[in-house]
Amino acid sequence: MTQELRVTNYPQVLTDRPTHYCPGCHHGTAHRLVAEALTDLGLVENTILVGSIGCSVFIYNYLSLDAIESPHGRAPAVATGIKRARPDKIVFTYQGDGDLASIGMAEIMHCANRGENITTIFVNNTVYGMTGGQMAPTTLVGQKTTTSPSGRSQEDTGSAIRMTEIIASLGGVAYAERVAVNTIKNIKKAQKAVRKAFEYQVKGLGFSFVEVLATCPTNWHMTPLAANKRIETEMIPYFPLGTYKDVLAKEEK
Amino acid sequence: MPSRVEFREDRCKGCLLCTEVCPTGIIQQSSRFNQKGYKVVEITAEMMSECKGCAFCAMMCPDFVINVFKSESEKGGAA
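Which chain is which? The protein sequence lines are A and B, in order.
For the first sequence, numbering that gives the first Met the number 0 begins at 0 and goes up steadily by one.
For the second sequence, numbering that gives the first Met the number 0 begins at 0 and goes up steadily by one.
Certain hints may be false.
Claimed, not checked - The calculated lysine to any residue pairs, modelled on SDA-like cross-linking and capped at a C-alpha distance of 25 Å, are: (1) A:Lys184 with A:Tyr9; (2) A:Lys187 with B:Thr18; (3) B:Lys35 with A:Thr18; (4) A:Lys184 with B:Leu15; (5) A:Lys195 with A:Gly171; (6) A:Lys187 with B:Gly52; (7) A:Lys228 with A:Pro70; (8) B:Lys38 with A:Thr182; (9) A:Lys187 with B:Ile25; (10) A:Lys187 with B:Arg7; (11) B:Lys35 with A:Cys21; (12) B:Lys38 with A:Asp15; (13) A:Lys184 with B:Gln27; (14) A:Lys228 with B:Gly13; (15) A:Lys191 with B:Gly36; (16) B:Lys38 with A:Thr14; (17) A:Lys184 with B:Asn66; (18) A:Lys228 with B:Lys38; (19) B:Lys35 with A:His220; (20) A:Lys187 with B:Arg10; (21) A:Lys202 with A:Ala76; (22) A:Lys228 with B:Thr18; (23) A:Lys184 with B:Lys35; (24) A:Lys187 with B:Lys35; (25) A:Lys184 with B:Phe68; (26) A:Lys228 with B:Phe68; (27) A:Lys184 with A:Pro22; (28) B:Lys51 with A:Asn185.
Just so you know, these hints were derived from the structure itself, not from any lab.
Keep in mind the model is a prediction, meaning the values are calculated, not measured.
With these hints in hand, go ahead and build the complete structure from the sequences.
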């Protein structure tokens, strides 16, 4: 006699609702990583989510957590307030690159520098997704967007900002890592990184930051499969994956 | 009985990311459209026996479309 076992086990905190994301968008995968980490660590009931502006603005529809929506770029400031008022709660922000690296640059830098005990999940797809594919601070040199129709020019607009490296250089940061979700191997590493970021918050070590390299097939004008390949061929060479800061790893050495 | 994969076709957006990560390459685009107008993926009945139950497709799918089932014999080993 044989018994059938279900291999896939989607966390309950992930709501049973179709997402509004375009086909092949990595936001869904990033949502699942967060949901799995919170479920594994048993934090679901105790977590407050701070949403941001961008495609991920509706994240509160997909994760059944207590959530608050913040003004554009101000998620780290809102999260700071929540964490200071309720230090017993786990607080995290979920932001895109147009939100975090552009209008929210000041908030994220000072929040990281103060070492606020929160977690930030930063989804970097090198473009403003929701507003129609404008150039973001993280847009790669030469990449065509609606506001850089002949490709981003380094002379006029500089080159893409590497956020994880900047964040890792700040004093209050406990953990900073860049991951991708384009292959199974990278997804497994990303799972560990997101989990670690929340663990560091539970331990009260300070600010934890995970950058997820993601696709935006619609605004890159690519098929989902071609966009997934672009992560490997263009993004990872410029945005190298890996751990940029880990306070516990230093102590062990 | 070998492993089995179920697709929630109404949720599939036809991005085909799952087709690339399948180590046996048995997932393919069907000729069917779902209600939203996306061409959904499928594993044909003959191909299903090659499924190893690794669930890589489910891990890759950004829309939580895929459920993987593995058969287990009474001894506890995979059948």
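Checklist line | Those earlier numbered hints the structure runs against, lowest number first | finding: Structure breaks hints 7, 15, 23, 24 and 26.
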